[in-house]
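Asks: Which chain is which? The protein sequence lines are A and B, in order. Heads up, the first sequence is in my numbering, so the first residue is 97 and it goes up one at a time. Heads up, the second sequence is in my numbering, so the first residue is 74 and it goes up one at a time.
It should be emphasised that the hints constitute simulated quantities derived from the structure, not laboratory data. Glycine included, each C-beta is placed from N, C-alpha and C at the ideal position. Treat the hints with care, as some may be off.
Using 20 Å as the maximum straight-line C-alpha spacing, the simulated EDC-like pairs for lysine to aspartate or glutamate come out as follows [what the hints assert, rightly or not]:
#1 A:K246 / A:E219
#2 B:K140 / A:D145
#3 B:K159 / A:E206
#4 A:K134 / B:D92
#5 B:K159 / A:D208
#6 B:K159 / B:D145
#7 A:K134 / A:E219
#8 B:K159 / A:D145
#9 B:K168 / A:D237
#10 B:K159 / A:E165
#11 B:K140 / A:D216
#12 B:K144 / A:D216
#13 B:K103 / A:E165
#14 B:K140 / A:E165
#15 A:K194 / A:E242
#16 B:K144 / A:E126
#17 B:K90 / A:E126
#18 A:K134 / A:D124
#19 B:K168 / A:D208
#20 B:K140 / B:D111
Non-contacting residues of chain B with respect to chain A, defined by C-beta distances greater than 10 Å in every case (computed) [claimed, not checked]:
#21 M74
#22 G82
#23 D181
Listed next, the stretches of chain B that the computed footprint assigns to chain A, with coverage defined by at least 3 CB atoms under 8 Å from CB atoms of chain A [to be verified]:
#24 83–97
#25 104–113
#26 134–144
#27 150–159
#28 162–176
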Amino acid sequence: MPADSEVLDIMHPEKDTPPNLHLRLNADQETVTNTVQKVIRWLGENGIDEETSGELEIVMAEALNNVVEHAYGFRQEGEIRLNLSITDAHIVVNIIDKGARFSGPPPPMENDVANLSIFDLPEGGFGWNLIHTLTDAVDFDHLKDENRLKLLRRLA
Amino acid sequence: MEIEIEDFGEKTVVRVKEDRLDAAKAVQFKESLREVADQTPSAVVLDMSQVNFLDSSGLGAVVNVMKILGKDRPLQLAGLTPTVAKVFALTRMDKVMQVFSSVEEATDTGLRHAG
Numbered sequence: 097m098p099a100d101s102e103v104l105d106i107m108h109p110e111k112d113t114p115p116n117l118h119l120r121l122n123a124d125q126e127t128v129t130n131t132v133q134k135v136i137r138w139l140g141e142n143g144i145d146e147e148t149s150g151e152l153e154i155v156m157a158e159a160l161n162n163v164v165e166h167a168y169g170f171r172q173e174g175e176i177r178l179n180l181s182i183t184d185a186h187i188v189v190n191i192i193d194k195g196a197r198f199s200g201p202p203p204p205m206e207n208d209v210a211n212l213s214i215f216d217l218p219e220g221g222f223g224w225n226l227i228h229t230l231t232d233a234v235d236f237d238h239l240k241d242e243n244r245l246k247l248l249r250r251l252a
Numbered sequence: 074m075e076i077e078i079e080d081f082g083e084k085t086v087v088r089v090k091e092d093r094l095d096a097a098k099a100v101q102f103k104e105s106l107r108e109v110a111d112q113t114p115s116a117v118v119l120d121m122s123q124v125n126f127l128d129s130s131g132l133g134a135v136v137n138v139m140k141i142l143g144k145d146r147p148l149q150l151a152g153l154t155p156t157v158a159k160v161f162a163l164t165r166m167d168k169v170m171q172v173f174s175s176v177e178e179a180t181d182t183g184l185r186h187a188g
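Given these sequences and hints, build the entire structure.
Replies: Now the structure itself:
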């Protein structure tokens with residue numbers, strides 16, 4: 097079992113180095129939309145450029161909607177904790193839920209859509225590729241009945 | 074889901090009057106565009122210039138509409154904003170759909186006015 101201090105570290109990454117943001121949200125798509133926009137405003141207020149925050153908006157929307165869809169099965173209920181911290185070098189995003197156990201992020205996939213007939217084109221499955229492409233590290237752990245996803249984005 | 078439809082003869086322009094095309098809006102978008110597809114015989118230009126955010130659900134909905142229209146009525150994109158263009162580029166869907174910088178370019182109306 098993990099020590100309590102380890103749990104605290106996950107919930108409060110680099111807790112001595114503000115700015116940090118801690119949010120709890122209901123697991124539904126409307127709330128994800130509103131929350132992501134709120135976080136983007138917060139990133140802007142804390143000096144993150146538009147291109148980076150736009151990319152993180154994609155990353156967070158994908159990761160949070162995965163939780164709504166897969167962990168909580170579109171039940172429109174369930175809690176998601178979303179924690180962000182900005183340091184000089186990184187933005188760290190932690191997403192924690194108590195939904196169905198997730199086996200972990202699939203590795204990046206090569207999908208050469210340019211050679212497919214339009215009728216064979218995928219209509220989903222883009223999410224994890226976008227997350228991998230737009231972050232520098234993806235960590236996942238299942239601890240104490242919680243799915244814990246940690247996304248790290250380096251700052252230039 | 075608010076859209077605006079304009080008939081240019083060879084092409085039908087559909088202006089998406091939404092700030093975001095994401096998981097919360099994808100189903101409504103598909104339904105609205107399916108109605109357009111039922112009524113138009115021509116290629117469709119999707120004016121995305123007012124859409125500032127698109128996620129993989131929104132992208133999936135656009136691909137779905139492309140399939141409904143089929144090969145004889147290509148779906149073309151116009152006016153992609155930076156974050157939206159990025160999603161199309163990273164998923165390589167910009168290689169599958171024709172992308173124009175503006176509706177004017179997609180419909181040639183700019184050229185006609187200039188000539």
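Asks: Taking the hints in turn, state whether each one holds.
Replies: Comparing the hints with the structure gives:
| no. | hint | result |
| --- | --- | --- |
| 1 | A:K246 / A:E219 | violated (26 Å) |
| 2 | B:K140 / A:D145 | violated (36 Å) |
| 3 | B:K159 / A:E206 | holds (17 Å) |
| 4 | A:K134 / B:D92 | holds (15 Å) |
| 5 | B:K159 / A:D208 | holds (17 Å) |
| 6 | B:K159 / B:D145 | violated (27 Å) |
| 7 | A:K134 / A:E219 | violated (28 Å) |
| 8 | B:K159 / A:D145 | holds (16 Å) |
| 9 | B:K168 / A:D237 | violated (36 Å) |
| 10 | B:K159 / A:E165 | violated (24 Å) |
| 11 | B:K140 / A:D216 | holds (9 Å) |
| 12 | B:K144 / A:D216 | holds (12 Å) |
| 13 | B:K103 / A:E165 | holds (18 Å) |
| 14 | B:K140 / A:E165 | violated (24 Å) |
| 15 | A:K194 / A:E242 | holds (5 Å) |
| 16 | B:K144 / A:E126 | violated (34 Å) |
| 17 | B:K90 / A:E126 | holds (18 Å) |
| 18 | A:K134 / A:D124 | holds (15 Å) |
| 19 | B:K168 / A:D208 | holds (10 Å) |
| 20 | B:K140 / B:D111 | holds (13 Å) |
| 21 | M74 | holds (14 Å) |
| 22 | G82 | holds (24 Å) |
| 23 | D181 | holds (24 Å) |
| 24 | 83–97 | holds (count 4) |
| 25 | 104–113 | violated (count 0) |
| 26 | 134–144 | holds (count 7) |
| 27 | 150–159 | holds (count 3) |
| 28 | 162–176 | holds (count 6) |
In this structure, the hints that do not hold are numbers 1, 2, 6, 7, 9, 10, 14, 16 and 25, in rising order.
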